[in-house]
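2 protein chains.
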Amino acid sequence: MVYKTRSYRRFDESHRIDNKILEGLVELARLSASAANRQPLKYILCNTPACCEKIFPSLAWAGYLKDWNGPEPGERPSAYIIILGDKNITESFNVDPGIAAQSIMLGSSEAGLGGCMIASVKREALRKELKIPDNFDILLVLALGKPVEKVVLEDIMDGDVKYWRDNENCHHVPKRKLDELIIKL
Amino acid sequence: MVYKTRSYRRFDESHRIDNKILEGLVELARLSASAANRQPLKYILCNTPACCEKIFPSLAWAGYLKDWNGPEPGERPSAYIIILGDKNITESFNVDPGIAAQSIMLGSSEAGLGGCMIASVKREALRKELKIPDNFDILLVLALGKPVEKVVLEDIMDGDVKYWRDNENCHHVPKRKLDELIIKL
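Those sequence lines, one after another, are chains Y and U. Residue numbering for the first sequence follows the working numbering, starting at 1042 and increasing by one per position. Residue numbering for the second sequence follows the working numbering, starting at 1042 and increasing by one per position.
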């Protein structure tokens, strides 16, 4: 499922996602590992057009694609899961957000969906828009939908990690090779 | 697979893990999402008794089990994957370590193995022991093996997140309920 789970940024926005599916994805995060089993993460679910419209303007899309300001209407995410850190439980969330986000994204692939983890978020704007209480840190926004784009992986060239789009709107992602990642001491 | 992927701390140490399996697990991390696609994580693989013996003393085990100093000889991990952050690429590793660790742990379940993500590491001792160069941050140690313990999840009581072991050495992990995790605004 890891192979299938790419970062998608264009969706069939008319494909709505039931709240039960989002709850099922949070259930996967709930059952995943948590540092010292503290379980400080909380989740906001959003799947209505009205709620999605509130979240979208707070997100930055695909930093390397300079000519693209994010998905057009009709190709925007049809749901979001916002991952919050509850500071009433702990101030340090360690690697929990990455674990939870990966469980959710793998689960979304399994459900025939896809999406993108977004850390580049206008946090104060989003907090104000959704009236998120101050005891929650906004850690990540997971954009979800029915992907309509093709994403291909390729070997990295000259150390350049920037993803790019070809003329047919296919999204290319350069990945470092395995032997670059494994350190032999 | 998320349901099956529990944190295991006792193993059949005689079950050795082939290097090809460890490489396959790093391949899953390699194909997972990375902030701005920077891919700054590197990996040290360890599967020989000699190497495992060097790593084990640097690890803290199960903080809530006060009477237990970690697995006895014979029940120790038979392999490790150390996740490093390459500071020559970036100084901020964001949620990448959690994403990579979850991909690896889910993959290890699929391979009939199990393990535990350990962040409580004597980093300078480990660095010295393995001669890890200074440009690498030691982010997480993943202990891997063939689990020999039973781990059960249960609903949290009175907000107490501490895991515990019963008389039959079964490990109990209290999890917050789904409705506590989903914030309705």
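Do not take every clue at face value.
In silico BS3-like pairs for lysine-lysine, Cα to Cα no more than 30 angstroms straight-line [said to hold, decoys possible]: (1) K1061/Y to K1216/U; (2) K1128/Y to K1216/U; (3) K1045/U to K1172/U; (4) K1216/Y to K1128/U; (5) K1045/U to K1045/Y; (6) K1216/U to K1107/U; (7) K1169/U to K1191/U; (8) K1128/U to K1218/Y; (9) K1225/Y to K1216/U; (10) K1172/U to K1216/Y; (11) K1218/U to K1128/Y; (12) K1225/U to K1095/Y; (13) K1107/U to K1218/Y; (14) K1203/Y to K1128/U; (15) K1169/U to K1061/Y.
To be clear about the criterion: a stretch of chain U counts as covered by chain Y if any three or more of its residues have a C-beta under 8 angstroms from a C-beta of chain Y, and this derived list gives those stretches [what the hints assert, rightly or not]: (16) 1052-1062; (17) 1097-1103; (18) 1109-1119; (19) 1164-1170; (20) 1187-1193.
Just so you know, the hints here were simulated from the structure itself, not pulled from any lab data. Treat the numbers as computed from the prediction; the structure is a model and nothing was measured. Note that beta-carbon positions come from the ideal geometry of N, C-alpha and C, so glycine has one too.
Verification of the hints:
{"no.": "1", "hint": "K1061/Y to K1216/U", "in the structure": "20 angstroms, holds"}
{"no.": "2", "hint": "K1128/Y to K1216/U", "in the structure": "18 angstroms, holds"}
{"no.": "3", "hint": "K1045/U to K1172/U", "in the structure": "35 angstroms, violated"}
{"no.": "4", "hint": "K1216/Y to K1128/U", "in the structure": "18 angstroms, holds"}
{"no.": "5", "hint": "K1045/U to K1045/Y", "in the structure": "20 angstroms, holds"}
{"no.": "6", "hint": "K1216/U to K1107/U", "in the structure": "20 angstroms, holds"}
{"no.": "7", "hint": "K1169/U to K1191/U", "in the structure": "35 angstroms, violated"}
{"no.": "8", "hint": "K1128/U to K1218/Y", "in the structure": "18 angstroms, holds"}
{"no.": "9", "hint": "K1225/Y to K1216/U", "in the structure": "38 angstroms, violated"}
{"no.": "10", "hint": "K1172/U to K1216/Y", "in the structure": "27 angstroms, holds"}
{"no.": "11", "hint": "K1218/U to K1128/Y", "in the structure": "18 angstroms, holds"}
{"no.": "12", "hint": "K1225/U to K1095/Y", "in the structure": "15 angstroms, holds"}
{"no.": "13", "hint": "K1107/U to K1218/Y", "in the structure": "42 angstroms, violated"}
{"no.": "14", "hint": "K1203/Y to K1128/U", "in the structure": "18 angstroms, holds"}
{"no.": "15", "hint": "K1169/U to K1061/Y", "in the structure": "50 angstroms, violated"}
{"no.": "16", "hint": "1052-1062", "in the structure": "violated (count 0)"}
{"no.": "17", "hint": "1097-1103", "in the structure": "violated (count 0)"}
{"no.": "18", "hint": "1109-1119", "in the structure": "violated (count 0)"}
{"no.": "19", "hint": "1164-1170", "in the structure": "violated (count 0)"}
{"no.": "20", "hint": "1187-1193", "in the structure": "violated (count 0)"}
Hints 3, 7, 9, 13, 15, 16, 17, 18, 19 and 20, counting from the list given before, are not met by this structure.
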